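Keeping their order, the protein sequence lines are chains A and B. In this text, residue positions in the first sequence follow this note's numbering: the first is 1, and each later residue adds one. In this text, residue positions in the second sequence follow this note's numbering: the first is 1, and each later residue adds one.
For the record, the hints were derived by calculation from the structure and aren't laboratory data. Don't take each hint at face value.
Stated by the list, open to error - Some residues of chain B that are not near chain A, with every Cβ distance over 12 Å (derived): (1) Val14; (2) Ala146; (3) Met173; (4) Val317; (5) Val325; (6) Ala367.
Unchecked claim - Per the computed footprint, the stretches of chain A lying under chain B, defined by three or more beta-carbons under 8 Å from a beta-carbon of chain B, are: (7) 71–81; (8) 340–347; (9) 367–380; (10) 566–574.
As the list claims (entries may be wrong) - Listed next, the in silico SDA-like pairs over lysine to any residue satisfying Cα-Cα at most 25 Å (straight line): (11) Lys531(A) x Thr443(A); (12) Lys483(B) x Asp198(B); (13) Lys463(B) x Ser71(A); (14) Lys581(A) x Ile132(B); (15) Lys361(B) x Val59(A); (16) Lys291(B) x Ser167(A); (17) Lys361(B) x Lys429(B); (18) Lys201(A) x His110(A); (19) Lys349(B) x Pro234(B); (20) Lys449(A) x His110(A); (21) Lys429(B) x Leu14(A); (22) Lys151(B) x Lys361(B); (23) Lys291(B) x Ile570(A); (24) Lys155(B) x Trp592(A); (25) Lys599(A) x Asp198(B); (26) Lys463(B) x Leu14(A); (27) Lys463(B) x Ile15(A); (28) Lys151(B) x Thr289(B); (29) Lys429(B) x Ile570(A); (30) Lys307(A) x Leu14(A); (31) Lys291(B) x Asp198(B).
Quick caveat: nothing in here was measured; it's all calculated off a predicted structure. Every residue, glycine too, gets a C-beta built ideally from N, C-alpha and C.
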Amino acid sequence: MIIDLVWLVPLIPLIGFIINGLGRNTLSKNLIGFIGSSVIFISFAISIGIFAELASSPVKTHEVFLFDWISAGSLHIPLSFLVDPLSAIMLLIVTGVGFLIHIYSIGYMHEDEGFGKFFSYLNLFIFFMLLLVLGSNYIVMFIGWEGVGLCSYLLIGFWYTNSSYASAAKKAFVMNRIGDLGFLLGVFFIFTTFGSVEFSKIFPQAAAMLPGDGTIALIALLLFIGACGKSAQLPLFTWLPDAMAGPTPVSALIHAATMVTAGIYMIARSNLIFDLAPVIQHVIAIVGLATAIVAAIIALTQTDIKKVLAYSTVSQLGYMFLGLGVGAYNGAFFHVITHAFFKALLFLCAGSVIHALHHEQDMRHMGGLRKKLPVTFLTMLIGTIAIAGLPPFSGFFSKDEILAHVYMHDKIMWGIAVFGAFLTAFYMFRMLFLTFYGKYRGTHHAEEKIHESPKTMTWPLIVLAVLSAIGGIIGIPETLGGNHWLSHWLSPVIQHAGEAPDHATEYALMAVSVVGVLISIAFAYTKYIKKDHIPAPDEAERSFLAKLSYNKFYFDEIYDTLFRKPLDAISVFFYKVVDNKIVDGIVNGLGWGTSEASKGLRLVQSGNVGFYIFMMVVGIISLLLYTYLSL
Amino acid sequence: MEQLLLLLIFLPLVGALVTAFSGNAAKHVALVSSIVSLALTLALVCNFSPNASTQFVVDFPWIQELGINFHVGIDGISIITVLLTNVLIPLIILAGYQHNYKNPKGFFALILFMQSGLLLVFTALDAFLFYIGWEAALIPIYFICAIWGGKDRIKVNMKFFVYTIAGSLFMLMGIIYLYLQNPAHNFDIQAFYSLNLDSTQQCWIFWAFFIAFAIKMPIFPFHTWQPNTYTEAPAVGTMLLSGIMLKMGIYGVIRWLLPIVPSGVQDWAHLAIILSVIGILYASIIAFTQKDAKRLVAYSSIAHVGLISAGIFALNVQGMQGAMVQMLSHGINVVGLFFVLDIISNRVKTNRISELGGIAKQAPILAIVSLIIVFGTVALPGTNGFIGEFLLLMGVYQYNAWIAAFAGLTIIFGAVYMLRMYQNVMLGKTNELTIGFTDIKGSEKVVLYTICVLIIVLGVYPKPILQLSEASVQHLIEQVTQKLTSVN
């Protein structure tokens, strides 16, 4: 039984982390790259074995117990792993895409002095991500959940001598922590409601409950807050664009393909709980939709190629949450998979461009790179079509599945969501055109040094491009003659798949979105190729809307004014006034009062014998008087 | 086997004497003595059966006229604090290796003397003995801080000393009162446990003990001696105070407050928890803008201790077990943090955050171990801090979900001030001050590596520690709740 060996899947990357971590300065770069990538490949191979075994096994849920981790009173938290259709497929994504990105990094990071450190962090990330995926209870999931946050912190701040990068890393960790508090409180409520934190004990109970319970709604809300942090949803999304400070392979792996989808994974895993809280589902749908639109609007005017992709990630995650909110768990998870392919691809392509241009990220200084970087161009074109959602590329199927469910849920929301999809097509093609078409806008000197990336970088691009193109196969709907393999596969985990529209409606919806996307692309083509429009420099005058979009709706500035500055002011006030003057003042006052009083009393002992005798007589008389009066 | 505990308590005194006459080898003698103590402790832990009984008991009359017995023993609660003390003392002594103290004989002898006092506090089953240990531990640390401390040491230490002594006086009054109420006229803990006090008496005793313990930990608003004392003390003194000594207060609450005056606790636990949680938020917020790293860690310690105290007063197994693990974890982590800051101030003569930066580039190993300690402190899962804080928050949550939500803010605030400090000290560009910074070596490595290993091992496999105390904690909670139900 290879499933019983599932603990090897996270363990092997952990070993890779230890070897590369200890040998980061002594081992050769080739060896480090080889170890770092091959541990992930071994995990990938085992994951395939697990997947195959699960596919042929009649039992779809396997728990592998390792040891008792925490127990106190009635609380028992084992370190154990859960292999079921959901985690098995996630294993393939994490190790598969992870492996490709490790290979790519060998080329991308080759000149970096922190090469060993980079690979050890990347291995550690995969380890924690696998824990998150495999945990059979919320707490083991939480180890992975915060562990990937740690790796994200380390990798965003990889070039830590740049203090704005270090700040971005801190921001990511702190914002995630806000969500994590929600997660933790949610787990506490789960424990008191269900008497356990184990999935296998919670979900059967939840399946027998009826919707509408207040505590369950609170649990769902708190878990969703946790997901908002990790998966960068409103209002906790501002860390993700800043996270682009990390090396580009990190953006591809952590901040696009895997870690940021953890929130969706967690909610899909807990779908039975969320089914019981329709109000919260509605909240999720609204938050997801709002995030999708806001991020898409911001992406329209960004000039940094990675920022465009970052906001597009936030926006796509918004679509996934929208799907979860309307009960389209399969569609949302399907989009997690296709998004992992095409967004990893797009980031790696962007990395290839940045690599070729020696760390230039501003699209205003790119252009005309089609001929110089043919492989990067072609693969990025495929990725762009996939995310824009044109058939038969993968993004089309997953996005339209979500949209179809949204349509059944609420027609207005569908309208807004489709509009967002048009924006997506526009800003993605804008990026593609600005980068690869027109004339090169950098210096002549730089132009001569532009070269296509090495094979270790282009091969992963090609593999991911193929997956982005054909990945939709796993979820072709019946409407288009498929049988939606994915939803059958996930059916043991996701019992209520939501309702899909009838065939005629679905055809119509698809037609609307495809035509709209084509029109958006035509718009982008006219503006950026026909009219050769180049985005204005930073300091140029912008219209009100463009300014809002360009300045990211001023979210950072607003948070600064609302939270950081007041808290720091309170901090100074607490320290200088409350602590030093008031609390300590009272303490010192007591001390001062005592010593002053003793100064006064001390004078009574004057050494004058006459005075002592007088006081003695007074004392005796008062004593006698007291006795007499009390008789 | 019975003599093992006696040996454990008095060995440091012998060690102190030898150290005091050992000339230049003082630190080595002290280190050897503390390592022998550690070995004995490990032997004791191995021979300890994890049930609720009190083991290794030694009981003989001492001052018979007053009913004072030399009565010591160990149960699952005290074994954690004994372990904490004897694991940390060798590390702290080793941390003192990098300094050239004036009069090292006195310095290291005082540490061992204090160790004896601490062990007496953690094992005493006689209230008078407990009080003796309580004061005996204070005297050496007073001298350590007053002789080897910073430039404001005299004034700051006077306050620390008077403040804690004032607190202990309340406790002494409480002890004498209990003694007078006790028909057997002795200071035996079991006799105190079985006293029948009415609720007014319990209220008075509660406050007499609580003030002493609250000052020691310290809990808001009894904390104002702490930041100055921690900042002015020599690093070794700060480590002793924060790593071990404050646990006297926590231990006191568990051993001498909860079981003796359960209905007093019932009446006032709510206030105690609220003060603790105020302390968490208040101290965390103050830590945001501290300019001196040592003072920042001092305030963070108030926040951490606040959570421990809240978890204890929640009076459930999760909270209490969390307190057990967290006492150990906080001791390890805070000693690590103060040692890292000591290493820094030793090299560049300052702990002012704004003057530092870029140390990671020069001293990558120091940066890595500090990062592990920082993440242990902010309770990342997989580190020791998580086990404790998770159980504590769960304990508080079962007491009241809202209070837990506020107490839980510590995981956000902690990340803010700790990562801010880490960033400004370690990351960023190297400046003129930190350009010549050399990485850790020798004894520094031994101490910090040990701390990192403990942080991870306890975080990954806390079971042995949880098992040590589980039965005693269960017993204690049953004892308190039974007494409460029999009263009502």
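Here's how the hints hold up against the structure:
Against the 12 Å criterion, Val14(B) stays outside the reach of chain A, whose nearest CB is about 38 Å from its own CB. With a least CB separation of 17 Å from chain A, Ala146(B) remains clear of the 12 Å interface cut-off, as annotated. Annotated as non-interface, Met173(B) keeps its C-beta farther than 12 Å from every C-beta of chain A; the closest such distance is 17 Å. Its beta-carbon lying about 3 Å from the closest one in chain A, Val317(B) breaks the requirement of being farther than 12 Å from that chain.
Consistency note on Val325(B): stated as away from chain A, yet its beta-carbon is not over 12 Å from all of that chain's, at 9 Å minimum. Listed as a non-interface residue, Ala367(B) fails to keep its Cβ farther than 12 Å from every Cβ of chain A; the least gap is roughly 9 Å. For the segment 71–81 of chain A, the stated coverage by chain B holds: 5 residues have a C-beta nearer than 8 Å to a C-beta of that chain, and at least 3 were required. Counting residues of the segment 340–347 of chain A whose CB lies closer than 8 Å to any CB of chain B gives 0, which falls below the minimum of 3, so the coverage claim is violated.
Counting residues of the segment 367–380 of chain A whose CB lies closer than 8 Å to any CB of chain B gives 0, which falls below the minimum of 3, so the coverage claim is violated. Only when three residues or more bring their CB closer than 8 Å to a CB of chain B does the claim for the segment 566–574 of chain A stand; here the count is 6, and the claim holds. Pair hint Lys531(A) plus Thr443(A) holds up; C-alpha atoms about 22 Å apart against a cutoff of 25 Å. This hinted pair checks out: Lys483(B) and Asp198(B) have alpha carbons roughly 12 Å apart, not beyond 25 Å.
Straight-line distance between C-alpha atoms of Lys463(B) and Ser71(A) comes to about 7 Å, which keeps the hinted pair within the 25 Å bound. A distance of roughly 34 Å separates the Cα atoms of Lys581(A) and Ile132(B); the hinted pair therefore is violated under the 25 Å criterion. For the suggested pair Lys361(B) and Val59(A), the alpha carbons sit about 53 Å apart, so the restraint of at most 25 Å is broken. The hinted pair formed by Lys291(B) and Ser167(A) meets the criterion: a straight-line CA distance of about 18 Å does not exceed 25 Å.
Using a Cα cut-off of 25 Å, the hinted pair Lys361(B) and Lys429(B) holds, with the two alpha carbons roughly 8 Å apart. In summary, the hint linking Lys201(A) to His110(A) is not supported, as the alpha carbons are separated by about 48 Å, beyond the 25 Å threshold. About 13 Å separates the Cα atoms of Lys349(B) and Pro234(B), which keeps this hinted pair within 25 Å; it holds. A hinted pair counts as satisfied when its Cα atoms are at most 25 Å apart, and Lys449(A) with His110(A) qualifies at roughly 17 Å.
Between Lys429(B) and Leu14(A), the direct Cα distance comes to roughly 31 Å. Violation of the 25 Å bound is thereby established for this hinted pair. This hinted pair does not check out: Lys151(B) and Lys361(B) have alpha carbons roughly 32 Å apart, beyond 25 Å. At most 25 Å may separate the alpha-carbon atoms for a hinted pair to count; Lys291(B) and Ile570(A) meet this at roughly 15 Å. Distance check on the hinted pair: Lys155(B) and Trp592(A) sit about 14 Å apart at the alpha-carbon level, within 25 Å; holds.
For the suggested pair Lys599(A) and Asp198(B), the alpha carbons sit about 39 Å apart, so the restraint of at most 25 Å is broken. For the given pair, Lys463(B) sits about 22 Å from Leu14(A) by alpha-carbon distance, which is consistent with the 25 Å threshold. Between Lys463(B) and Ile15(A) the alpha-carbon distance is near 23 Å, which keeps this suggested pair within the 25 Å criterion. Distance restraint check for Lys151(B) and Thr289(B): the Cα-Cα separation of roughly 23 Å lies within the 25 Å cut-off, and the hinted pair is therefore satisfied.
With a C-alpha separation of about 29 Å, the suggested pairing of Lys429(B) with Ile570(A) is violated against the 25 Å cut-off. Proximity of Lys307(A) to Leu14(A) is assessed by CA-CA distance (about 31 Å); at most 25 Å being required, the pair is judged violated. Between Lys291(B) and Asp198(B), the direct Cα distance comes to roughly 49 Å. Violation of the 25 Å bound is thereby established for this hinted pair.
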